[in-house]
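Enquirer: With the hints as extra help, turn the sequences into a complete structure.
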Amino acid sequence: MTAIMSPANSESTPAQTQDDRDLLFYEGRLNRPTKAKTPELERSGRLRHVIFSGQFSVDLLEELAGVADAIRKLSKHRSGQDFLINLLHHKRAMLYFTQPSTRTFLSFMAACQILGITCNEVRDPQTSSETKGETRFDSIRMFSSYFDLIIMRSPIARLAESCAYLMNDLERSGNRSVPIVNAGSGADQHPTQALLDIYTLQRTFNFSGPNDSEHNSRFDDLRRLPGCENLSKGLAGKTYAFCGDIGRGRTVRSLALLLSNYPDVRLVFIAPNHPTLVMRDDLRQALAAKNVRFYEFDSFEQQLDGRPVIEALDALYMTRIQREHDTGDDAERYAALDFSRYCLDMDLVSRMKPYAPILHPFPRDQHFGEIPQEIDNDPRAMYFRQARNGMWIRSALLAHLFDVDGQILRYFHREFSA
Amino acid sequence: MTAIMSPANSESTPAQTQDDRDLLFYEGRLNRPTKAKTPELERSGRLRHVIFSGQFSVDLLEELAGVADAIRKLSKHRSGQDFLINLLHHKRAMLYFTQPSTRTFLSFMAACQILGITCNEVRDPQTSSETKGETRFDSIRMFSSYFDLIIMRSPIARLAESCAYLMNDLERSGNRSVPIVNAGSGADQHPTQALLDIYTLQRTFNFSGPNDSEHNSRFDDLRRLPGCENLSKGLAGKTYAFCGDIGRGRTVRSLALLLSNYPDVRLVFIAPNHPTLVMRDDLRQALAAKNVRFYEFDSFEQQLDGRPVIEALDALYMTRIQREHDTGDDAERYAALDFSRYCLDMDLVSRMKPYAPILHPFPRDQHFGEIPQEIDNDPRAMYFRQARNGMWIRSALLAHLFDVDGQILRYFHREFSA
Amino acid sequence: MTAIMSPANSESTPAQTQDDRDLLFYEGRLNRPTKAKTPELERSGRLRHVIFSGQFSVDLLEELAGVADAIRKLSKHRSGQDFLINLLHHKRAMLYFTQPSTRTFLSFMAACQILGITCNEVRDPQTSSETKGETRFDSIRMFSSYFDLIIMRSPIARLAESCAYLMNDLERSGNRSVPIVNAGSGADQHPTQALLDIYTLQRTFNFSGPNDSEHNSRFDDLRRLPGCENLSKGLAGKTYAFCGDIGRGRTVRSLALLLSNYPDVRLVFIAPNHPTLVMRDDLRQALAAKNVRFYEFDSFEQQLDGRPVIEALDALYMTRIQREHDTGDDAERYAALDFSRYCLDMDLVSRMKPYAPILHPFPRDQHFGEIPQEIDNDPRAMYFRQARNGMWIRSALLAHLFDVDGQILRYFHREFSA
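Protein chains in written order, with our numbering: chain A, 1 to 418; chain B, 1 to 418; chain C, 1 to 418.
Watch out, some of these pointers could steer you wrong.
[To be verified] Under the rule of at most 25 Å between Cα atoms (straight-line distance), these lysine to aspartate or glutamate pairs were calculated in the DMTMM-like manner:
1. K76/A <-> D220/B
2. K73/B <-> D403/C
3. K76/C <-> D338/A
4. K353/B <-> D220/B
5. K132/B <-> E324/A
6. K132/B <-> D338/A
7. K76/B <-> E42/C
It should be emphasised that the hints constitute simulated quantities derived from the structure, not laboratory data.
Expert: Given below as structure tokens:
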């Protein structure tokens, strides 16, 4: 591909491997601001590759949620299931997961299977081909010659993005090219996690109930509760609190940025006072640049709107402390901290607003105990439904990528809305 | 789930992990007699979870055999295959095999695929989620949110049973819940192995032949042979011999208990005289409680009905010595034993009744040699067909769990019986 | 099976395992000349098992190419995809890859999936069953009882061939038997790689272009170029050069033998002057026996037809040096060699005939650099298309094995040729 005919290359020192040169070649494109990148990740207004959460506009998020809802409802009926399973049964996906993640992996598998997509996987960090001296890009190009979609998760920051550029270069030179979906790359991005978090909030803040009717609805009931008089539907105008490992929380970062696109939201970050765990400057700056109101607290008891934040928030996003990424001093400094203050208990939950959902990207840590099991049965505990939502919204995203989302909506409205 | 609000929990010592507490919580239910447990493993007279061989009544075994026969015959015709492959193509199964077993694993995969069920697997003893502090129950609940069925094999005794209770608790509290199938847990149970052993005996003791007609049948021919005058069809009234590792044979145990439900059977256990290998007291007591006639021998030459048992038995179930579970002294004590007496040879086989099937749960051990290959071509060698039977009967079991067995029988009788 | 009742066996020493005896039993059949073996790998003129490249006659290669072309074109249309995906959706394949090869593995997976075949895999060199003392043949027979096809790759020379004989013996004794496809066994054979190399040459030497019309075609244009006046379509009468690790190149060996079946071809082998890397005697003799003209060179500059061979060849097959198979002295002797002479560069490529394709079995070695990436965009670079061709031709081979190739051709001509 054209990549290698670039100056970046001819300058390359002998010490470099081709893998190094491949990434180096894309350096320039990788370093552009997200805004400048998004156009080449799209084709005629649709996503072609899914790399950043920044690609999801509020409108697109609404659109995908609608498709996900349709897929969910179709899946309740045999005729709907048959329709879905035949939609993309001729497509083959490669799940290239060199960074392990059972949950994300299985969620994508299920999302593919709902639409009939056949899944293939490579999870061994170094495939046998790579041991034979094959470059990463040759491996990716091999996958693209056998499969119709590459869903990849890698410990290498920005590899997924580079692969999207590789695919674009191939497309431009008239070669075979397939969509790339980033299922988590390095520490930087995990866009489909943010997607399912938003989808869960969209469903929660729709406030619909099983017994809703013309005359009565869960939403009306909620508004009759003290302090809920001004409750409104949707994500706008609400206060979102994040608790735990804010500094290393890839999902916190992505979700906060997506929420900042909704009007009039407030973000609260509750973390132990520890350099590794508190908010990073780049996120501070990104939020400031968007004029989002945000607060950095170190306790559920700090005041917001004249009351403890645990009572003031509209949604609580819990996270686990990512011990596996600790450095030596981290562990040391931890000794001084009282982590129990960043774990929920029934008493704290009972003080939350009656409708305020508790989310968690999962897995939760049984040893740290940020969410004890006794909370699982509280109606506000949304984290298990959140996992299932991930499957539906990823299916919707795949339908969007293969341009069958419109077909799904038409079928749904024709067969099931009447 | 409600689990954790139990006293068992509040009493728990800090040393305990949540995993410990989860199992402890079910202690009470786990310790009930099987009879008391079966009801909550059923829904309106059908199996919901498959945990014990004790769940299979003689009637249910007949029913499942009928479904398995129909599936087998449908699979011989393209139209039948198309019918089957579309029956459950919208269902997704998780095969959670943290205890390796290629044979059982592949048999379940094939059984799912015959009905169009898409298979997913987790085989790594510790999934990446567990390394992040996730509890086993959170992992199971994750699987249940993405998939429609969990087939699990685990080294942890009674884990499958506990998961079935977890699913029941979730169902009761209005959450998503899926069937659990035990594909072998700890040393205690391997119900689907017993199922395929019985199915193989059902087919063998049907005595049908390829050339059966109104006027003549293999069964009539057999009854004309000396000593076979009183031969009857079916499993009742027959003598079943088990040879080899009786003490540790999970499959021996399960099969013996199922056979004891048939009228007038006799069971013979042939094992080296070694505490590890002979029958365990709990099985002795279980059989005694059911008034089954059983015998403990240490040789094929011991007398039954006035002749060597090898000549008296109606079916012979061979097993391998499970060396991988040996302790230090086991190996030592073995020195004194002549294991060759627990290996078949052509001479022994030639003395068996002409219709008596030889079964083996497989794999057989080429080093121990309990069944030398020269026996493979003897018409009594049933162990390879036994493996294929396992695929058919597991398909029938899955059809039963998803309530499409009736549909299969109706289609079969409409299209193929005429 | 009958295997074990053979004298070969009774003579066997106690030191032998059953695995040893199993292979020993087939010794006689394994040592026959290929010609004598092929009949029992066929059924009524169709391939039953795919073991050697020697099974592919020129006619069969033409036939398979036609089926592969039809599958490729059908896959461009939704109706064609639906036709293909339903063709064999009731079939289950076992990919038994105890010698790793991501590329071959994925290519077969995709080839199966195009026709709707469900794939299952065992890749762990020792399955849990084998650790329990199961013989290789018992494992293979287990696979054959659950699945309809076994695609196997093994480090053990001639294991695939032995398994084909096992299946034939089972068939003869009225037992279940399935086709065996050799996806690479030991150092000897990799027939489907040779198949895709030939298919790529068939497509290249068809010289068709996107803008071909009645009045003008790429072929005519090429013939107008100086030195191309006598260019003819097809593989006959052309000069094929192989460069790199000729001695250990399993694919070089298979392809050379297939090419030698075409009239009037010349083969050139370009390798460093090193006993491990140059042509082996057995290949020399095989080619001599077929009266093929072949040349052994150590440089692209050696003369053929009065000019450097790089300018004289019609197709160039590059390979990587298989360092993973080096012995101690190999590495030592290498020091004396200038490997750069066996790597392509833009200058060499520019001297090749304008239509001469560059092939490579892949993966290429980024450290050795036999094909630098800057060549990827040259129209002669065929190695990425070659990979995708492997998927199509393997699909065609599977269609042939399951006897649906005729159905594909009929459907294609009815629906798409008009």
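Enquirer: Can you confirm whether the C-alpha distance between K132/B and D338/A stays at or below 25 Å?
Expert: holds, 21 Å
Enquirer: Checking one constraint from the list: CA of K76/B to CA of E42/C, max 25 Å. Satisfied?
Expert: Satisfied, since the Cα-Cα distance of roughly 23 Å is no more than 25 Å.
Enquirer: Between the alpha carbons of K76/A and D220/B, is the straight-line distance 25 Å or under?
Expert: violated, 53 Å
Enquirer: Has the given pair, K132/B with E324/A, been kept, meaning a C-alpha gap of at most 25 Å?
Expert: Holds: K132/B and E324/A sit about 8 Å apart, inside 25 Å.
Enquirer: Would you mind confirming whether the straight-line C-alpha gap from K76/C to D338/A stays at or under 25 Å?
Expert: violated, 61 Å
Enquirer: Please verify whether K353/B and D220/B have alpha carbons no more than 25 Å apart.
Expert: Since the Cα atoms of K353/B and D220/B sit roughly 15 Å apart, the hinted pair holds (cutoff 25 Å).
Enquirer: Does D403/C sit within 25 Å of K73/B, going by the straight-line distance between their CA atoms?
Expert: holds, 21 Å
In terms of the numbered hints stated before, the structure departs from hints 1, 3, listed from lowest to highest.
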